[in-house]
Amino acid sequence: DAMVIQNPRYQVTQFGKPVTLSCSQTLNHNVMYWYQQKSSQAPKLLFHYYDKDFNNEADTPDNFQSRRPNTSFCFLDIRSPGLGDAAMYLCATSRDYGDAKNIQYFGAGTRLSVL
Amino acid sequence: AQKITQTQPGMFVQEKEAVTLDCTYDTSDPSYGLFWYKQPSSGEMIFLIYQGSYDQQNATEGRYSLNFQKARKSANLVISASQLGDSAMYFCAMRGLGDSWGKLQFGAGTQVVVTP
Numbered sequence: 001d002a003m004v005i006q007n008p009r010y011q012v013t014q015f016g017k018p019v020t021l022s023c024s025q026t027l028n029h030n031v032m033y034w035y036q037q038k039s040s041q042a043p044k045l046l047f048h049y050y051d052k053d054f055n056n057e058a059d060t061p062d063n064f065q066s067r068r069p070n071t072s073f074c075f076l077d078i079r080s081p082g083l084g085d086a087a088m089y090l091c092a093t094s095r096d097y098g099d100a101k102n103i104q105y106f107g108a109g110t111r112l113s114v115l
Numbered sequence: 001a002q003k004i005t006q007t008q009p010g011m012f013v014q015e016k017e018a019v020t021l022d023c024t025y026d027t028s029d030p031s032y033g034l035f036w037y038k039q040p041s042s043g044e045m046i047f048l049i050y051q052g053s054y055d056q057q058n059a060t061e062g063r064y065s066l067n068f069q070k071a072r073k074s075a076n077l078v079i080s081a082s083q084l085g086d087s088a089m090y091f092c093a094m095r096g097l098g099d100s101w102g103k104l105q106f107g108a109g110t111q112v113v114v115t116p
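So the sequence lines, in the order shown, correspond to chains A and B. Residues 1 to 115 (this note's numbering) make up the first sequence, in order. Residues 1 to 116 (this note's numbering) make up the second sequence, in order.
Since the hints were made in silico from the structure, they are not lab data. Nothing here was measured: the structure is a model prediction, and the numbers come from that model. Built from N, CA and C at the ideal position, the CB exists for glycine as well. Every clue listed holds true.
Below 30 Å or equal to it, Euclidean Cα-Cα: the simulated BS3-like pairs (lysine-lysine) are:
1) A:K101 to B:K73
2) B:K3 to B:K73
3) B:K103 to A:K52
4) B:K70 to A:K101
5) A:K101 to B:K103
6) A:K17 to A:K38
7) B:K73 to B:K16
8) A:K44 to B:K73
9) B:K16 to B:K70
10) A:K101 to B:K3
11) A:K38 to B:K103
12) B:K3 to A:K38
13) B:K103 to A:K44
14) B:K73 to A:K38
15) A:K44 to A:K101
Quick list of the computed label-pair ranges, beta carbon to beta carbon:
16) A:P69 to B:Q14: 47 to 57 Å
17) B:E15 to A:S113: 31 to 41 Å
18) B:P30 to A:A86: 39 to 49 Å
19) B:K16 to A:D53: 45 to 55 Å
20) A:G16 to B:E15: 41 to 51 Å
21) B:V78 to A:A86: 29 to 39 Å
Work the whole structure out from these sequences, hints included.
Structure follows, in structure tokens:
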């Protein structure tokens, strides 16, 4: 059974139209991460939550926001998507930060297209 | 700053043969973890194997093994007896203990195509 679930798998939105991607987990992990992965590139961390504590990467555009209403769910909001935001968005979770063996488990991703 | 380098953008391997994917890293952290992930064309990142910097033995998980050479700062992934389902992008990643937020640094990836 999938432990990190992302919905939808494919999302098409219009230029400038707000869009929300969702992620849920059944692992009861403390940390949830959002990555952006453009074609043929490595994933790039946007931000993460440790419990309800939000941590933004310095180079994440303001256009990207996130919410974590409870342990299980985390949302990625793109306020005004541009053509450059078309990408795969990956959600990941990990139990803690505590040691170097901090395995991140990923969902299947949401592939976002912007028209 | 930490850096992960994967020098092989792509490779072909015949079914049932072994393949080695190269990964070198650079870090000043005395304690760190090294990870390999597989990403099929469907997009999901699948965790394969982990090696800790203080682990004395090379990690193994089924057909996956990690050739860890700490002095050379390399952590190559070996896939034995390749299967068609092994065709995917493979990412090497690391996390240093100094990355207090658990941030993973990824390499550029190696695309593996397994042929019959």
